[in-house]
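Chain order of the listed sequences is A and B. Its first residue numbered 0, the first sequence is counted upward by one per residue in numbering that gives the first Met the number 0. Its first residue numbered 0, the second sequence is counted upward by one per residue in numbering that gives the first Met the number 0.
Heads up, some of the hints might be wrong.
Unchecked claim - Per the computed footprint, the stretches of chain A lying under chain B, defined by three or more beta-carbons under 8 Å from a beta-carbon of chain B, are: (1) 43–56; (2) 206–212.
Claimed, not checked - Result set (DSSO-like, lysine-lysine): computed pairs, CA atoms no more than 30 Å apart in a straight line: (3) B:K231 to A:K231; (4) B:K231 to A:K15; (5) A:K231 to B:K15.
Stated by the list, open to error - Facing chain A, a subset of chain B residues (Cβ under 10 Å, in silico): (6) C32; (7) F41; (8) Y77; (9) R81; (10) D104; (11) T171; (12) G178; (13) T205; (14) N214; (15) D233; (16) P234; (17) D235; (18) G237.
Simulated from the structure, these hints should not be mistaken for laboratory data. Bear in mind that the values here come from a model prediction, so they are computed numbers and not experimental data. Just so you know, even glycine gets a beta-carbon here, dropped at the ideal spot from N, CA and C.
Protein chains: 2
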Amino acid sequence: MSKMRIAVVAPSCPLKRDAAEAVEAIVAERGDCELIIHPQCFLSDGHFAGSDDARLAALREVMADPSVDAVWFARGGYGSNRIAEEALADLPDAARGKLYLGYSDEGFLLAGFHKAGLDVAWGPMPQDILRGDHGLSDGEAAVRRALDWLVDGDQSALEPELQPPAMAFNLTVLSNLLGTPLEPDFTGVDLLIEEVSEHLYRIDRTMFHLTASANVRRAARIRLGRVGDILKNDPDFGTDEVAIVEDWCARARIPFGGRADIGHDAGNRVVPFGVRAS
Amino acid sequence: MSKMRIAVVAPSCPLKRDAAEAVEAIVAERGDCELIIHPQCFLSDGHFAGSDDARLAALREVMADPSVDAVWFARGGYGSNRIAEEALADLPDAARGKLYLGYSDEGFLLAGFHKAGLDVAWGPMPQDILRGDHGLSDGEAAVRRALDWLVDGDQSALEPELQPPAMAFNLTVLSNLLGTPLEPDFTGVDLLIEEVSEHLYRIDRTMFHLTASANVRRAARIRLGRVGDILKNDPDFGTDEVAIVEDWCARARIPFGGRADIGHDAGNRVVPFGVRAS
Chain A
0 MSKMRIAVVA PSCPLKRDAA EAVEAIVAER GDCELIIHPQ CFLSDGHFAG
50 SDDARLAALR EVMADPSVDA VWFARGGYGS NRIAEEALAD LPDAARGKLY
100 LGYSDEGFLL AGFHKAGLDV AWGPMPQDIL RGDHGLSDGE AAVRRALDWL
150 VDGDQSALEP ELQPPAMAFN LTVLSNLLGT PLEPDFTGVD LLIEEVSEHL
200 YRIDRTMFHL TASANVRRAA RIRLGRVGDI LKNDPDFGTD EVAIVEDWCA
250 RARIPFGGRA DIGHDAGNRV VPFGVRAS
Chain B
0 MSKMRIAVVA PSCPLKRDAA EAVEAIVAER GDCELIIHPQ CFLSDGHFAG
50 SDDARLAALR EVMADPSVDA VWFARGGYGS NRIAEEALAD LPDAARGKLY
100 LGYSDEGFLL AGFHKAGLDV AWGPMPQDIL RGDHGLSDGE AAVRRALDWL
150 VDGDQSALEP ELQPPAMAFN LTVLSNLLGT PLEPDFTGVD LLIEEVSEHL
200 YRIDRTMFHL TASANVRRAA RIRLGRVGDI LKNDPDFGTD EVAIVEDWCA
250 RARIPFGGRA DIGHDAGNRV VPFGVRAS
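Next up, chain A with everything else stripped away, as it sits in the complex (with noise of 0.2 Å):
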C-alpha cells in the first residue's frame, strides 16, 4: 500500500519555518505517510500567507491534485473566508475523496467544504506543534494526535462523546459565516464551539447572534469546548462562559449538552464533519 500524502497550505497566516521542520521530523519517523508543504505557506504578505491569489492558487492547486489523499490546514489566524467561496467554484473531480483538516479561522472552509459535500474535519494543525500551553511536549502531542487520525483513523484522536453528524467552529468564526454563502445546515448536528482571547462581553453578545439563528436552531445542541485566554472584563462580567452559553440556550430552546473536549490548545481533538464517524 503506498503511504497517504498528505498536502500542507495555509490559507490564513504564514506556517513558521520551525513548525515545519518539528511536524516533517515526526512524519520522517512514522514512515507511513508523505508530507508535501506547499512553498505558498511561508509566503508573507500583510496580514497574510501570501496575497489571496497566491493563497487560492496554492489551495487550488492541492485540491485538484489526485495524486494528495489529503489537505492539511497550516494553521489559522486570518483570512481563509477571503477565498472560500472562489475555492469552491468549479470544484474538481480530485477535491473529493480526500480529507480536510484544521480548525479555528479555518472553520470558514470546513463549513464550505462540508456543505460542497467534502469530507472535512476539525483537528490539529501543523503550527501547533509550537504549542506548549499542556507541557512541553504536548504540540507535538496534538500533531501525531492529527497524523494518527488522518493515516490510520485512530478513534482515540476523535473529540469522545460526539453523537454524529457533528460539526465544530470557534464561536467567532461560526457567528461571523452565518448569513453568507458558507453557512452549511446544522439541523440535528451536535454542534461544539470553543472560543479563545475574548471578553465574557463578547462571548454573550456572539450567543445572542448565533443563537437567534433558525438554522442554528435546528441543531440537535450545543456543547461548550474550552474558553482560553479569556480577556479580562472590566468590571467583573458577573458569571462565567458555562452560565453565558447555557443562558442562551435555555432562550432559544437548543439542547445544551455539557462541555466538550476541544479547544485553540495542544489537547485540542478531531471532530469529523457529518456522518462520517472516522
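Fit chain B to the given chain A structure using the hints.
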C-alpha cells in the same frame, strides 16, 4: 408651550454620576427642556446597569409614559440586545410619538425600535459629556448637539451628507444583529457604519459577514464613519480601514459612499433613521 420632557435610562452599562450632574447643569442652564434621569441608570449588576429585569422595567416604564417626549439612552457598553425584544412586546400607544436617541450598543434598540415603527436616531448620549478626545469641552459640545436636535430639531446637528432614508450603526453591533428579530430592512438605505477599539483583521472579517447579507446588499450605499483606537495588528495588516470597507463593498456590489461624520467620539453627529429628516 410646555418644556420637552427627556427621560434617561441605561439599557446597557451604568451612567457615571458626574456625567449625570454635568448634563443636568446644561439642561438647567438651557431652560427649554426637562431631564428625568431614571434611578436605574446608576444600578450596577456585574457588567450591566442592573439586572435584565431592572433595565427592561425602566425602559418599558419610560416608553409607556405619555408625559415623556423623548427617551435618551444614557450610554453604550454592552447589554441592550439582552432586553430589546422584550422591550417591544405589547408596545403601548405612548411608545409611539416620542423620540429615541443613542448609539453604539444602543444600536440593537435603534434597529428593533425602528423596525417596530418608532422614531429613533443615532446620536450623542449623556455619558459622552466626559469625552475630551477633541479638546476639553468637546464632550459638552456633543451633549449640546444632541439636545439642540432633540429640543429644537437643529439641522446643524445632523450628519451633513445624509440621503434619507438613513441608518447608522457600530459595525460590530450591526454584524451581531443580522439574522436576529431586530434586523431592519436596509433597502435603499444610506447605511453609515463606524468602529472603535478593534483590530483591522476583525474589521475585515466583520465586513465579510456584513456584505454577504442579501438585505445589506439592498442598501443604497455604505459610508464609513471614524474608526477610532484601532488595536495593533501583528503583523501590520497591510491596508487600512477605508481600503477594507471599499474592497468588501466592491466585492458585494454595494456603492461605497465615502466617509461619514460619525464615530465613538465627541464629534459624533445625529442620524435620524428612515425618512424622517429632523
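Now the hints, each set against the structure:
1. 43–56: holds (count 5)
2. 206–212: holds (count 4)
3. B:K231 to A:K231: holds (18 Å)
4. B:K231 to A:K15: Distance of about 21 Å is within 30 Å: holds.
5. A:K231 to B:K15: holds (21 Å)
6. C32: violated (32 Å)
7. F41: violated (14 Å)
8. Y77: holds (4 Å)
9. R81: OK, holds: B:R81 within 10 Å of chain A, min 7 Å.
10. D104: holds (9 Å)
11. T171: Since chain A brings a Cβ to about 8 Å from B:T171, closer than 10 Å, the hint holds.
12. G178: Holds, because the Cβ-Cβ distance from B:G178 to chain A comes to roughly 5 Å (cut-off 10 Å).
13. T205: holds (7 Å)
14. N214: With Cβ-Cβ at 9 Å, under 10 Å, it holds.
15. D233: Since chain A brings a Cβ to about 9 Å from B:D233, closer than 10 Å, the hint holds.
16. P234: With a minimum Cβ separation of about 6 Å from chain A (threshold 10 Å), the hint on B:P234 holds.
17. D235: holds (6 Å)
18. G237: B:G237 check passes; min Cβ-Cβ to chain A is 2 Å, inside 10 Å.
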